[in-house]
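Asks: So you can see what is in the structure, the chains are spelled out below.
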Amino acid sequence: LIYCYRKPKTKRAKRFLEKREPKLKENTKNAMLIKGGNANLTVTEVLKDIYAVKKPFAVLYKKKNITRPFEDQTSLEFFSKKSDCSLFLFGSHNKKRPNNLVIGRMFDYHVLDMIELGVEKFVSLKDVKNSKCPEGTKPMLIFAGDMFDGNEEYRRLKSLLIDFFRGPSVPSIRLAGLEYVLHFTALDGKIYMRSYKVLLKKSGCKIPRIELEEMGPSLDLVMRRTHLASDDLYKLSLKQPKALKPKKKKNISHDVFGTTYGRIHMQKQDLSKLQTRKMKGLKKRPAEKSAEDGGASPKKSKSG
Amino acid sequence: MAAVRVEEVLAAAEEQEAEKRRSVTVEKELELEFDLGNLLALDRNPPAAAGLRGAAPGREAKLRALARDNTQLLVAQLWELPAERAGGAGGPLVARLPEPAFLLPREKPPPRPRPPTRWEQFARLKGIRRRKRTSLVWDEEAKEWRRRWGYRRAGGDPARAWLAEVPEGADPEEDQFARLRREKRERVARNELNRLRNLARAHRAGTAVPAAPLHPTGHQSREELSHVARVARVSTASLGRFQPRLPREPAETLSRNAGKKRRFEPLLGNLAAERSRQLELLRDMGSKKPVLNITRAVNKQLRQEEAEAAAAKGKKQSQRGKRGRRQ
Numbered sequence: 001l002i003y004c005y006r007k008p009k010t011k012r013a014k015r016f017l018e019k020r021e022p023k024l025k026e027n028t029k030n031a032m033l034i035k036g037g038n039a040n041l042t043v044t045e046v047l048k049d050i051y052a053v054k055k056p057f058a059v060l061y062k063k064k065n066i067t068r069p070f071e072d073q074t075s076l077e078f079f080s081k082k083s084d085c086s087l088f089l090f091g092s093h094n095k096k097r098p099n100n101l102v103i104g105r106m107f108d109y110h111v112l113d114m115i116e117l118g119v120e121k122f123v124s125l126k127d128v129k130n131s132k133c134p135e136g137t138k139p140m141l142i143f144a145g146d147m148f149d150g151n152e153e154y155r156r157l158k159s160l161l162i163d164f165f166r167g168p169s170v171p172s173i174r175l176a177g178l179e180y181v182l183h184f185t186a187l188d189g190k191i192y193m194r195s196y197k198v199l200l201k202k203s204g205c206k207i208p209r210i211e212l213e214e215m216g217p218s219l220d221l222v223m224r225r226t227h228l229a230s231d232d233l234y235k236l237s238l239k240q241p242k243a244l245k246p247k248k249k250k251n252i253s254h255d256v257f258g259t260t261y262g263r264i265h266m267q268k269q270d271l272s273k274l275q276t277r278k279m280k281g282l283k284k285r286p287a288e289k290s291a292e293d294g295g296a297s298p299k300k301s302k303s304g
Numbered sequence: 001m002a003a004v005r006v007e008e009v010l011a012a013a014e015e016q017e018a019e020k021r022r023s024v025t026v027e028k029e030l031e032l033e034f035d036l037g038n039l040l041a042l043d044r045n046p047p048a049a050a051g052l053r054g055a056a057p058g059r060e061a062k063l064r065a066l067a068r069d070n071t072q073l074l075v076a077q078l079w080e081l082p083a084e085r086a087g088g089a090g091g092p093l094v095a096r097l098p099e100p101a102f103l104l105p106r107e108k109p110p111p112r113p114r115p116p117t118r119w120e121q122f123a124r125l126k127g128i129r130r131r132k133r134t135s136l137v138w139d140e141e142a143k144e145w146r147r148r149w150g151y152r153r154a155g156g157d158p159a160r161a162w163l164a165e166v167p168e169g170a171d172p173e174e175d176q177f178a179r180l181r182r183e184k185r186e187r188v189a190r191n192e193l194n195r196l197r198n199l200a201r202a203h204r205a206g207t208a209v210p211a212a213p214l215h216p217t218g219h220q221s222r223e224e225l226s227h228v229a230r231v232a233r234v235s236t237a238s239l240g241r242f243q244p245r246l247p248r249e250p251a252e253t254l255s256r257n258a259g260k261k262r263r264f265e266p267l268l269g270n271l272a273a274e275r276s277r278q279l280e281l282l283r284d285m286g287s288k289k290p291v292l293n294i295t296r297a298v299n300k301q302l303r304q305e306e307a308e309a310a311a312a313k314g315k316k317q318s319q320r321g322k323r324g325r326r327q
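For the protein sequence lines, the chains are A and B, in the order given.
In this text, residue positions in the first sequence follow the UniProt record's numbering: the first is 1, and each later residue adds one.
In this text, residue positions in the second sequence follow the UniProt record's numbering: the first is 1, and each later residue adds one.
It is worth saying that the hints were derived from the structure and are not from the lab.
This structure is a prediction, so every number in the text was calculated from the model and none was measured.
Keep in mind that the hints are not guaranteed to be accurate.
Said to hold, decoys possible - In silico BS3-like links for lysine-lysine, alpha-carbon gap of 27 Å or less: (1) B:108 to A:11; (2) A:62 to A:121; (3) B:20 to A:206; (4) A:138 to B:62; (5) B:289 to A:190; (6) A:55 to A:132; (7) A:197 to A:138; (8) A:197 to B:28; (9) A:7 to B:184; (10) A:206 to B:28; (11) A:11 to B:132.
To be verified - Stretch-level coverage of chain A by chain B, calculated; a stretch enters the list once three of its residues show a Cβ under 8 Å from a Cβ in chain B: (12) 24 to 33; (13) 194 to 201.
All residues carry an ideal CB built from backbone N, CA and C; glycine is no exception.
Excised from the complex, chain B in its bound form (with noise of 0.2 Å):
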């Protein structure tokens, strides 16, 4: 008998959860597509057209019972999610939510990484790091702790400065205050121009052109000109083979075979010189000299790579005096 009643005792106990549980859940043919991080929920199926075509009252109550629905599933899954207590334990309730998955576009578009300036440049090189700076400096004739820079900084009262000697070299009869003006203000003058240079870096970088050799300068030489009139002449449908000469250009500078790697001689072409290239390949095989002079290609190497070291020192001192003038 008490087994019995325990049994029953039980199942109702069951009924009654399924019951709690019926209150809360919602019968759907298509499961909802859920975005947490965004609050979101996409609802794929086709809704009860009967009941939303009808009069507005009745579709008013059906919108209503469908979004009733809707809501229902997405509060499920917002309260699946992991939550702690907000500020200690008598906090409110709070959810931890995903990363938005729904990908929506951005605002603008994502910030270059800008180019480092000179300064960052050389301070990278050298090895030079911040150093924090304290925003208080002891300032002795005022016996106090002043600001670095502002409102009563130490050392900027221009009262105290009442007193500017003549330095060992310089003219008697300069006016020192009005030189230290002059400094001040050419400082100032060459820090704007630096930063304006930086800038004008980072913006040329952001927007570098690909073709720069080929764009006309104003100071090329005569064979990037001539390197520059033949790319240009190539460039055509047919590979310039049609292209117009000017009266006194000169014909067919350079043949197909042209370049030192890819260079082939015509199979039936000059005989005697054929003739001389093999008997004199025949003498260099049968010598006892050897062919390479050992001594005069080292120096030959050499000499070159002087001239190219001498190549780049001249390139970087024209271009640091090209970008004072050209901006």
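Isolated chain A (complex conformation) (with noise of 0.2 Å):
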């Protein structure tokens, strides 16, 4: 609460700043996605269909913004502020950038990476006759081709993608519900995106064999212009805090073959006085033990 010159008054405020302050463990990031003063009836398409996806962790402007992202991120900025959103999607059309989206996300509420992407075939949810899955169902994600290895520009775009579908973050999941699938194919210059839903069918053995069903937004997109972040930005946003780094655990070593070695560290033992196996036979009997006493008696006898 370090820019709170005024402090918050109810705990509802004061919940709502918390929730946007940063945090070791951070909130799952949301998109906000906006239409802009030409966008043409295929992209609010695109934008309906990716909300749908992408539900509860996205805001649909239902109002066109005439902004332009690539000259001016102000607005964008001001967004992203007001609706806590680090993920935008921007979508527009005119003659020379036709079907236009722009995909982007934000470091500290400012502009990050920023790529423009042109949709040149859209087949949206509601033409594929298709049985859909449930909403907010986290998506397996799957790029194919080596474009995405060679290329600057497609490394970051596969890593944008990852940002923005890859929803919440969770620790387990239940494996009959991994329905979705998003499969990225990059070939040509285009990327091919194809989302499927998973059927899981019987095969003789644990692992089921898979079949998939074409379900949902499919998009043929062809990469524009991009505006990176410069690469000292870059790393300082990957930067992880150190509290987050799983802890080592101290003098406990494993070899290649799984064996665990631990090691103890103990004080300078007095070998003479070391007690190792007992054998009956070298017991002191009573005899020695009051010799070594020195002639005192264990026993006290009772004198008059």
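Put the complex together from the two separate chains, hints included.
Replies: See the structure below:
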């Protein structure tokens, strides 16, 4: 609550501010879906479908906003600050760039990366007449194609897409609930995004056989302009606080075969007084013991 | 005969197993990279361009086949994870996911640890620990448990405070109720002031400027100003050698060999001074009296320590005063 020169007067306001402040373990990233001044039907449909996929971690703005992300980022940053969203998808359309989508993310409410994609073909959720999966399912993400590793821009795009569609970070997942998969293929300068519903069929063994059913939005994208963050800003944004690193347990080591070794630190022992195995024959007899004590008999004799 | 039968049966069983396995195995040139924490799979194989470049329906079928293969591999990996039954024996099968491996940039920078407030520093010094307070307090007059603060609190009923005693040395004409109200207002104002001061200190600590002594503050002494002027003169590319001097500024105040430790006299300087120095040295070596007067040295050291302590105390007092004025 560093910037609070005015203290929040209600508990609700305090909770609201606490949700937005920087934390060790962050919230799930929200996405804002914005229409530009000249958005056409295709682009609007794309935004609506992506909103359906990303619910409840997305905000769809219904009105058109006349801004140009690549020229002026202040209005995007203002929206991001107001709605606490760090991902955005901006759709527009003009003759030079038809069916334009600008996908981007923010760091500290300032634009980090922005990539402009053109939609060449779009099949909406409504057009595919198959059964859909429930809202808020965590999707499986698959990226195919060697271009996603070769080109720097494609690598950032991959990172952006993972960030966008990842959903909340969960510790465990119900195996029967893996229903949704988003598959991105990079080929010939185009990126094919397809969404499928996963059907787990019985196979003889433990692992089920997968059958896919086309569902959901499918897009054919082509990369246009990019506005990537400089290397040091990107590195700064990747920095994780030390508290999140898993603590190494000291004095435990593992070897190649899986054996765990531990180290115990002992103080110096007097080896002469060390108790080894008990051998009954070597036990001190009472006579010997009294000789050692120097004549003082262990049993006190009552005199008089 | 029976032996052959058994072998046949075993071979048939093995083939069945392999058949079943075949339905879930996928052949790939390069192994996929998995990040199970994010449910992510990365396929580095170049996609079969031939089928995918063709017409649209063929392309869809090829894409779906590729997706099916990749999903099969990802699901196989997920099924390998340690699984347990959530919610008892009858619950759904739940797999424990590892930490996400793919590094994604954060939303906001990591939080900075804020410096402790004045009270926290004092409490740490004295060893005072936080005691948990009960939320209900026994109210004697109402004979029940009431909240500590808020609606219907213990002892907060304004109708009860009908009497305000005049304390011992106070003015009998003074309005005690007004005094109580005024004191409460002052207390609230003081708390608010302290909270803002703590916030300002935390904010300043976050953006500490290392060159603070060189910035003009308005109340700097003559020595501080001359030091700052010296530093400014030397902070040029040629280390101050060609800086013009002001009309009355003394020229060359410090030679290159200034300072206590790296001072070297020129070789052919003052011959008379050198002679007298050498003779003095010989005289001191020959004399019986010790050069170092121990009592004088000890007294000097004691006086220096006292002066330092007084200076530190004075600085603390002046700092406290300054904090009130300077925000």
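Asks: None of the hints should be skipped; say for each whether it holds.
Replies: These are the hints, each one checked on the structure:
{"no.": "1", "hint": "B:108 to A:11", "result": "24 Å, holds"}
{"no.": "2", "hint": "A:62 to A:121", "result": "23 Å, holds"}
{"no.": "3", "hint": "B:20 to A:206", "result": "10 Å, holds"}
{"no.": "4", "hint": "A:138 to B:62", "result": "25 Å, holds"}
{"no.": "5", "hint": "B:289 to A:190", "result": "97 Å, violated"}
{"no.": "6", "hint": "A:55 to A:132", "result": "14 Å, holds"}
{"no.": "7", "hint": "A:197 to A:138", "result": "12 Å, holds"}
{"no.": "8", "hint": "A:197 to B:28", "result": "23 Å, holds"}
{"no.": "9", "hint": "A:7 to B:184", "result": "19 Å, holds"}
{"no.": "10", "hint": "A:206 to B:28", "result": "21 Å, holds"}
{"no.": "11", "hint": "A:11 to B:132", "result": "20 Å, holds"}
{"no.": "12", "hint": "24 to 33", "result": "holds (count 4)"}
{"no.": "13", "hint": "194 to 201", "result": "holds (count 4)"}
The structure shown violates just one earlier hint, number 5.
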